[in-house]
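Let's have the full structure, built from the sequences with the hints guiding it.
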Amino acid sequence: TQLLEQSPQFLSIQEGENLTVYCNSSSVFSSLQWYRQEPGEGPVLLVTVVTGGEVKKLKRLTFQFGDARKDSSLHITAAQPGDTGLYLCAGVKGYKLSFGAGTTVTVRA
Amino acid sequence: NAGVTQTPKFQVLKTGQSMTLQCAQDMNHNSMYWYRQDPGMGLRLIYYSASEGTTDKGEVPNGYNVSRLNKREFSLRLESAAPSQTSVYFCASRGGGDQETQYFGPGTRLLVL
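Protein chains in written order, with the numbering used here: chain A, 1 to 109; chain B, 1 to 113.
Bear in mind the hints are in silico, worked out from the structure with no lab data behind them. Certain hints may be false.
What the hints assert, rightly or not - No more than 27 Å apart at the CA atoms, straight line, and that leaves these computed lysine-lysine pairs for DSSO-like: (1) A/93 to B/9; (2) A/93 to B/71; (3) A/57 to A/93; (4) A/70 to A/59; (5) B/71 to B/14; (6) A/96 to B/9.
What the hints assert, rightly or not - Just a sample of chain B residues kept apart from chain A, beta carbon distances all over 10 Å, derived: (7) 7; (8) 16; (9) 18; (10) 20; (11) 40; (12) 45; (13) 60; (14) 101; (15) 102; (16) 112.
Said to hold, decoys possible - Covered, in the sense of this in silico footprint (three residues per stretch, anywhere, with C-beta under 8 Å from a C-beta of chain A), are these stretches of chain B: (17) 67-79; (18) 104-111.
Backbone N, C-alpha and C fix where the C-beta goes; we use that ideal spot for every residue, glycine too.
Rendered as structure tokens:
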């Protein structure tokens, strides 16, 4: 059983559309991280959110940490084909990270 | 600055064979990790080493052993490979603190026949 549940599992959209990926847990984390993974490579960190209610923006990507520090969302505005990839959330507790199963995003040109 | 390196990149084993996956990092990180990634299951922690000289089990340690050889190197050993261990294995390292980035290696693709 995954400690972190991500939804949806797959998302296919047209270029220019918006999308949101959700990451939910019943556990409280000291921080939450979002990673992006391309085929044949390891995950790469996009952002770390630490404070409950925190919102961080990275160009067209907006990340939000829930008030109770149990859940998070990733919103992409005007998606581009370069946004295609596997998006993983990870809850941080001490030395350990617990990963969600990931959301595969495909942006069609 | 190579980051996290893993060897080999690909490996095919027969059931019952043994092998060691090697991992090294040059970022002077204290913590190192081994994950496996299977379709639809994300990354699952096998073992981790919070600092040199210590190792701890993660979610799925059965069938694996690890050695933290020194601060740079953390190896994963399969003593008797099974088809269920067919997966992509990632090594990672991380500095201290809740906001620290975890850096991943390029992965080892293992097929057990």
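Original post:
Any Cβ of chain A at or closer than 10 Å to residue 16 of chain B, or is the non-interface label fine?
Top reply: holds, 28 Å
Subject >> Exclusion check [residue 18 of chain B not at the chain A interface, CB over 10 Å] >> reply: Holds, since 25 Å exceeds 10 Å.
Original post:
Would residue 40 of chain B pass as off the interface with chain A, using Cβ distances and a cut of 10 Å?
Top reply: Violated, since 6 Å does not exceed 10 Å.
Subject >> Given pair status - residue 59 of chain A, residue 70 of chain A, alpha carbons within 27 Å >> reply: holds, 24 Å
Subject >> Proximity test - 8 Å, beta-carbon atoms, the region 67-79 of chain B to chain A, at least three hits >> reply: Coverage by chain A is violated for the region 67-79 of chain B (0 residues, Cβ < 8 Å).
Original post:
Is the Cβ of residue 60 of chain B more than 10 Å away from each Cβ in chain A?
Top reply: holds, 12 Å
Subject >> Assertion that residue 112 of chain B lies farther than 10 Å from chain A (Cβ) >> reply: holds, 20 Å
Original post:
Does residue 71 of chain B pair with residue 14 of chain B here, judged by a C-alpha cut-off of 27 Å?
Top reply: Given pair residue 71 of chain B, residue 14 of chain B is violated - Cα atoms ~32 Å apart, limit 27 Å.
Original post:
Going by Cβ atoms, does residue 20 of chain B stay more than 10 Å from chain A at every point?
Top reply: holds, 19 Å
Subject >> Straight-line alpha-carbon gap residue 96 of chain A to residue 9 of chain B, limit 27 Å >> reply: holds, 25 Å
**OP:** Measure nothing beyond the straight line between the CA atoms of residue 57 of chain A and residue 93 of chain A; if it is 27 Å or shorter, mark the hint as holding.
**Re:** Roughly 23 Å separates the two Cα atoms, so the pair holds.
**OP:** Please work out if residue 93 of chain A and residue 9 of chain B have their alpha carbons no farther apart than 27 Å.
**Re:** Distance ~30 Å between residue 93 of chain A and residue 9 of chain B Cα, so the pair is violated.
When held up to the earlier numbered hints, the structure conflicts with 1, 5, 11, 12, 14, 15 and 17 and fits the remainder.
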